[in-house]
Amino acid sequence: MIPPRFEYHAPRTISEAVALLGQLGSEAKLLAGGHSLLPMMKLRFAQPEHLIDINRIPELRGIREEGTTVVIGAMTSENELINSPIVQAKVPVLAEAAQMIADPQVRNRGTIGGDIAHGDPGNDHPALSIAIEASFVLEGPKGRRTVPADGFFLGTYMTLLQEDEVMCEIHVPAFAQGTGWAYEKIKRKTGDWATAGCAVVMRKSGDTVTHVRIALTNVAPAALRVEAAEAALLNQPFNATTVQAAADAATAACDPAEDLRGDIEYKTAMAGEMVKRALTKAWALCS
Amino acid sequence: MAKKLINVSVNGKAEEKAVEPRTLLIHFLREELNLTGAHIGCETSHCGACTVDIDGQSVKSCTHLAVQCDGSEVLTVEGLANKGVLHAVQEGFYKEHGLQCGFCTPGMLMRAYRFLQENPNPSEEEIRHGMAGNLCRCTGYMNIVKAVQYAAKKLQEPVTA
Ligand SMILES: Cc1cc2nc3c(=O)[nH]c(=O)nc-3n(C[C@H](O)[C@H](O)[C@H](O)COP(=O)(O)OP(=O)(O)OC[C@H]3O[C@@H](n4cnc5c(N)ncnc54)[C@H](O)[C@@H]3O)c2cc1C
Ligand code: FES
Ligand code: FES
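Protein chains in written order, with this note's numbering: chain W, 1 to 287; chain A, 288 to 448.
There may be inaccurate statements among the hints.
[To be verified] Quick list of simulated restraints, FRET-style, between CB atoms:
#1 G151/W / V446/A: 56 to 62 Å
#2 R5/W / S296/A: 24 to 30 Å
#3 N369/A / M40/W: 36 to 42 Å
#4 P141/W / A305/A: 31 to 37 Å
[What the hints assert, rightly or not] Some chain A residues close to chain W (C-beta under 10 Å, calculated; not the full set):
#5 E307
#6 T331
#7 H416
#8 G427
Treat the hints as calculated values from the structure; they're not laboratory data.
Heads up, the beta-carbon is just placed ideally off N, CA and C, and yes, glycines get one too.
Construct the entire structure; sequences and hints are all you get.
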């Protein structure tokens, strides 16, 4: 319960935050919603000597449209995602899936940027961001770079983010007319991390799948895009055989950790089941 | 580690205090201000017994630093009653027997207070989902649902003198 001592900084701009990260080095951590970082500090899993609070940086907030891209500030809270008319209309899977994350109080504080930057395989945004083909804008001392979600997650708590970088924005292509989508998450109770989860974004023409992204939550050291499962469906008719082939390809890619949520066999089987449910739901929403 | 001076309004009263950065808001409220209604039931941010209202939002004060509240408005259960008259959520929990040991109750009340502003006409399902960040060991939640329904109704009654 009692976190170790640290110095506190509250910069007002992104560049001040980046400068502080540069000065303080690996002893410093960015504090966003704090609902992953403070719990780890309270259990002394993390003991940073400096916390750089990025809650007072207006540039990191807000949701806007730039052409066909939805731009989401990294410090956007889960409840802001749920309530955003832009997200509801242009990336509906995010507004719906955010309701499955944690609980109302946590959703007031936890941010989409923090959920992604944390790199926890149990978090929901990593797989979601892969399925919606998001990219992340990172600012460091040398300026900004944009990296795709697919490839960002390297391992448990490991991402492409460098120690001196701040994630500023999440860019998401607005769903094309007729896009189907689903996030299926099996959990022990409301507010728990997934035993297994699957995010799907799909488009069709007639009875043929013309676009499909499939990503898995909490069944590997990091969120997983399963291209073999996508290949089982792309340019194929959508039917029980192709869906089963996609689920089989997904389960073959799973590498879950055994814990109180279940053993490897159970989590793998549930990943396959979530794939089938998500595909069925997404297909039904395609038009 | 240097302490930081913060100015925070708690239940409408301005407080200026020097706090250590690592001080959790729940400890600041309970130990500095002696507002001991908010409770601590876990160290993993699950139970919600520590829920208070910060700048119009329900927050678990065990997962927020006091130093982050500089310039904020905080409301705790002690600030719910108005001149001794119970707030509708307090009355609802009382009338519908929505508490037994009372340990979760301050957090439940603070959440219900904000939830009914977010959703004044909730269905039972919406109440259960809206209160999902608060655990109770005693009631089995049934009477808490009724208590929130009572409060929702009462809040919509025309105000009488
Ligand atoms: C009870 C409970 C249940 C939960 N259930 C779920 C769940 O079901 N699904 C889920 O996905 N999550 C869940 N969470 C996690 C929660 O949503 C976290 O808030 C989230 O994962 C982290 O976001 P944060 O904004 O709180 O980040 P913080 O905790 O502040 O930070 C997390 C990490 O990311 C880094 N970071 C944060 N923002 C940035 C940035 N902009 N740039 C660079 N680095 C950054 C921090 O330095 C830190 O290392 C739960 C949390 C709790 C307490
Ligand atoms: S004390 Fe349990 S959530 Fe705050
Ligand atoms: S009344 Fe005892 S925990 Fe809720």
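Handout entry: Contradicted hints - numbers only
Key = 8
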